[in-house]
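Please model the complete structure; the sequences and the hints are all you need to start from.
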Amino acid sequence: MNQRILQVDDDPMMLVYVGRILRTAGYEVVTATKGSEALERLESLHPDLVLLDVLMPDLDGYEVCRRIRRQPAFARLPILMLTGHNTLTERIKGFEAGADNYLSKPVNPEELQVLVKVLLQRQQMTLIAPKELARTIAVFSLRGGVGVSSVAVNLSAGLALLWNERVALVDLALANGQAALMLDVPPRNTWADLAHVPTEEIDAAMIDLVMQNHSSGVRVLAAPSRLELNELITGAKVSQVLNLLKATYCYLVLDLPHDFNEPSLAGLDSADQIILVVAPELASVRAASSALKVFASLNYPDERIKLCLNWTFERNGLARKEIESSLGQAFDIILPFAPDHFINAINTGVPPVISMAKGPLGALFEDVAFMFSREEQRSQRPENPSAAWQRLAQRARAARRNTLANAT
Numbered sequence: 001m002n003q004r005i006l007q008v009d010d011d012p013m014m015l016v017y018v019g020r021i022l023r024t025a026g027y028e029v030v031t032a033t034k035g036s037e038a039l040e041r042l043e044s045l046h047p048d049l050v051l052l053d054v055l056m057p058d059l060d061g062y063e064v065c066r067r068i069r070r071q072p073a074f075a076r077l078p079i080l081m082l083t084g085h086n087t088l089t090e091r092i093k094g095f096e097a098g099a100d101n102y103l104s105k106p107v108n109p110e111e112l113q114v115l116v117k118v119l120l121q122r123q124q125m126t127l128i129a130p131k132e133l134a135r136t137i138a139v140f141s142l143r144g145g146v147g148v149s150s151v152a153v154n155l156s157a158g159l160a161l162l163w164n165e166r167v168a169l170v171d172l173a174l175a176n177g178q179a180a181l182m183l184d185v186p187p188r189n190t191w192a193d194l195a196h197v198p199t200e201e202i203d204a205a206m207i208d209l210v211m212q213n214h215s216s217g218v219r220v221l222a223a224p225s226r227l228e229l230n231e232l233i234t235g236a237k238v239s240q241v242l243n244l245l246k247a248t249y250c251y252l253v254l255d256l257p258h259d260f261n262e263p264s265l266a267g268l269d270s271a272d273q274i275i276l277v278v279a280p281e282l283a284s285v286r287a288a289s290s291a292l293k294v295f296a297s298l299n300y301p302d303e304r305i306k307l308c309l310n311w312t313f314e315r316n317g318l319a320r321k322e323i324e325s326s327l328g329q330a331f332d333i334i335l336p337f338a339p340d341h342f343i344n345a346i347n348t349g350v351p352p353v354i355s356m357a358k359g360p361l362g363a364l365f366e367d368v369a370f371m372f373s374r375e376e377q378r379s380q381r382p383e384n385p386s387a388a389w390q391r392l393a394q395r396a397r398a399a400r401r402n403t404l405a406n407a408t
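Read in order, the letters of the sequence shown are residues 1 to 408 in the UniProt record's numbering.
The hints are simulated quantities; they were obtained by calculation from the structure and are not laboratory data. Treat the hints loosely; a few may be bogus.
Restricting the straight-line Cα-Cα distance to at most 35 angstroms, the calculated cross-link-like pairs of lysine-lysine (DSBU-like) are [said to hold, decoys possible]:
| no. | residue 1 | residue 2 |
| --- | --- | --- |
| 1 | 293 | 358 |
| 2 | 105 | 34 |
| 3 | 306 | 321 |
| 4 | 293 | 306 |
| 5 | 293 | 93 |
| 6 | 358 | 306 |
| 7 | 293 | 321 |
| 8 | 105 | 93 |
| 9 | 117 | 93 |
None of these values were measured; they are calculated from a predicted model.
Below, the structure is given as structure tokens:
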């Protein structure tokens with residue numbers, strides 16, 4: 001069956017001219033003359049691509065694009081925008097709305113056919129079976145200062161050291177992310193290097209050049225140092241990058257911002273597991289409760305959400321059972337009060353999972369890394385066990401001996 005293209009344009013001559021080019025190339029073309037008509041027909045038509053004019057009488061192309069992207073069923077539908085104003089400002093506006101590419105008038109038939117072919121091919125490439133993709137863990141909190149970055153950094157290093165696998169740490173706290181600093185990785189390349197690159201032109205090789213190496217085996221995609229570039233890093237661009245990383249890494253760990261902006265939602269949507277970090281104080285618990293309600297509204301299954309209690313202060317914190325009762329969910333991870341260790345880790349750029357590998361805090365993060373590992377890795381001994389795996393196995397054996405001793 002021929003691939004279907006929805007052509008949206010209020011100019012009858014353009015509908016005929018462009019439609020003829022696409023039909024000659026073997027595509028089925030259906031048309032809409034208004035943005036509102038296009039939105040109404042999406043559900044019944046299920047096009048493979050939308051060719052969208054910018055200037056239309058009721059809804060302009062930018063607004064139509066934004067509304068398409070808000071619908072989960074069409075969040076990844078290829079959208080090619082058509083405009084007579086080929087300025088950088090217009091392009092940026094289109095990419096921010098969620099367009100995949102731009103085509104200028106007058107339309108060059110060869111260029112149109114190539115762009116449509118490439119966008120449709122890339123759409124097919126994203127349909128990779130989930131078992132082939134990286135396991136993705138997002139670390140999140142609506143309240144700052146509760147240790148989201150510390151958890152993300154230690155988890156990513158723990159996974160890399162445990163399995164000797166390719167692990168990517170992606171800093172999506174674009175306004176002020178410190179993941180690179182916490183690993184003492186100089187942010188020579190960051191998200192800023194991708195800011196001006198059109199979403200559809202970003203490929204795995206380009207991302208590889210931007211990633212920074214850490215001695216643990218983790219590769220870091222650092223937050224930009226220039227705040228004004230944040231607006232260019234859209235949810236669509238984040239999704240493109242994460243999809244490409246999933247195809248080349250075993251694990252992705254996402255250090256998320258403290259809100260539900262587009263990049264954050266793109267990260268959360270891509271995650272197999274979400275670690276929601278909570279401190280034992282009222283504001284943090286209320287923020288966690290709000291986050292859980294949003295997760296429910298986004299239809300995230302309950303088993304995807306794991307709660308982490310981080311004792312960020314020594315005394316007078318809310319009781320664990322009280323917090324669990326309020327949130328309606330038990331904690332899966334408990335981090336002890338250890339401010340000196342965490343502050344030292346930030347100042348030196350060496351996380352506890354590395355600097356305290358043989359101590360209680362390092363062991364705890366190794367256990368957390370194992371908890372979020374792939375089931376097939378958890379269920380069998382590695383061919384070449386790492387030092388981290390051997391320590392974890394030794395603790396497991398000791399725990400079994402204690403259990404047997406207590407049972408007799």
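Results of checking the hints against the structure:
1. 293 to 358: 39 angstroms, violated
2. 105 to 34: 19 angstroms, holds
3. 306 to 321: 16 angstroms, holds
4. 293 to 306: Within the cut-off at roughly 14 angstroms; holds.
5. 293 to 93: 31 angstroms, holds
6. 358 to 306: 26 angstroms, holds
7. 293 to 321: 20 angstroms, holds
8. 105 to 93: 17 angstroms, holds
9. 117 to 93: 23 angstroms, holds
Hint 1 from the earlier list is the only one contradicted by this structure; the remaining hints agree with it.
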